[in-house]
Amino acid sequence: MWRNRLLLVLSLIGAIFAVGVMSSDYVTYHPGNLPLIITAPHGGYLKPKDIPDRKPKNNTALIGDMYTSDIAFAISDAVADKCHGARPHVVVFHVSRRKVDANRPIESGTDSPQGQAAWKEFHQAIQNAVDHVMANHEHGLILDIHGQAHPHERVELGYLLYKSELTRLDDDDQAMDEAVKRNSSIQALAKRVASLVPPHELLRGNGSFGDLLETSSNSVIRTMPSPSHPYPYSEERYYRGGYITQRYHTSNIMDAIQLELPKHLRFTKQGRDTITMAIADAACYMLDTYYTSQQRQQRWISAKL
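Take the sequence shown: its letters are residues -18 to -1, 1 to 287, numbered as in mature numbering (1 follows the signal peptide of the UniProt record, and there is no 0).
Calculated directly from the structure, the hints in this document are not laboratory data. Just so it is clear, CB atoms sit at the ideal spot from N, CA and C, and this is done for glycine as well. Do not take every clue at face value.
To be verified - The list that follows gives simulated cross-link-like pairs (lysine to aspartate or glutamate, EDC-like), each with its CA atoms no further than 16 Å apart: (1) K145 / E218; (2) K251 / D7; (3) K173 / D153; (4) K31 / D7.
Said to hold, decoys possible - Quick list of simulated restraints, FRET-style, between CB atoms: (5) D153 / E218: 40 to 48 Å; (6) Y27 / L178: 19 to 27 Å; (7) P209 / A176: 15 to 23 Å; (8) K29 / G67: 35 to 43 Å; (9) A176 / Q228: 42 to 50 Å; (10) T149 / D113: 16 to 24 Å; (11) T149 / K31: 40 to 48 Å.
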């Protein structure tokens, strides 16, 4: 694995690297040189007086996701430690969700021209990161970091598949394969490696992102979908992925996963350290296995089989 990571880093030396930190009062963008983008739209605390509060309507969520910005930056540092200094792109929004919801379309996420300007600044930074990845790499991955307080206390991984789909297709691998390739936010990856790894395995099997998080943490972290919990049970709430996941994944280049972290992995330093290292381990595995050259992908996957 370390040899593969070293090869990845060496392959990046010739890539264009956008140096320096791009930061404003509302948005921080740390450019990277890996085909990985980490976003955190709901971790902001700023409440600018010139941006009116959003009006509660249609189940409008106004509460932010505490510590998700800190976790996003920590994941970047942990990935850099594991990838010989190569870094992901990181885009963090600092405005409170009460003012702007950057994980919704601009029409429903803002209530004012000032809020729209902040929303646009954040999404322009994400687009800059996506453009850089697409210009310098064959494929890329977005991890969108969020928080939730659902009683099941599992990390929810959103791939844009509905809870009903995950439940209904659990016993039908062929139908699940088609759903992943057609409807999911990892359809680019699923189609690219379908001859080597069945799409349903990428979603909830051994080596899936959920499995990697559980394995890295020695099952301290529980996830869904994963081999241990392939679909949300009837009484369990589940977020399938929001606007960022929907907007920035593509059918043939960019993949995206929304990560909804439970409170116990965000509200204590031990919890944050645990989830940070697990996400970094999982991300590096994904980069090693699926986001390098096709030749290295085939050698690496074949070696695991």
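Hints, one by one, checked against the model:
1. Distance restraint check for K145 and E218: the Cα-Cα separation of roughly 10 Å lies within the 16 Å cut-off, and the hinted pair is therefore satisfied.
2. Proximity of K251 to D7 is assessed by CA-CA distance (about 26 Å); at most 16 Å being required, the pair is judged violated.
3. For the hint pairing K173 with D153, the CA-to-CA distance comes to about 21 Å; that exceeds 16 Å, so the pair is violated.
4. Proximity of K31 to D7 is assessed by CA-CA distance (about 13 Å); at most 16 Å being required, the pair is judged to hold.
5. At about 18 Å, the CB distance of D153 to E218 disagrees with the hint of 40 to 48 Å.
6. Remark: the range hint 19 to 27 Å for Y27 to L178 is contradicted by a beta-carbon distance near 44 Å.
7. Range check, P209 to A176: about 19 Å between beta-carbon atoms, so the 15 to 23 Å window is met.
8. For the pair K29 and G67, the beta carbons lie near 36 Å from each other, so the given range of 35 to 43 Å is met.
9. At about 22 Å, the beta-carbon gap between A176 and Q228 misses the expected band of 42 to 50 Å.
10. At roughly 37 Å, the beta-carbon separation of T149 and D113 lies outside the given 16 to 24 Å, and the hint is violated.
11. Checking the proposed 40 to 48 Å range against T149 and K31 shows it holds: the Cβ atoms sit about 46 Å from each other.
Going down the numbered hints, you'll see the structure goes against 2, 3, 5, 6, 9, 10, while the others check out.
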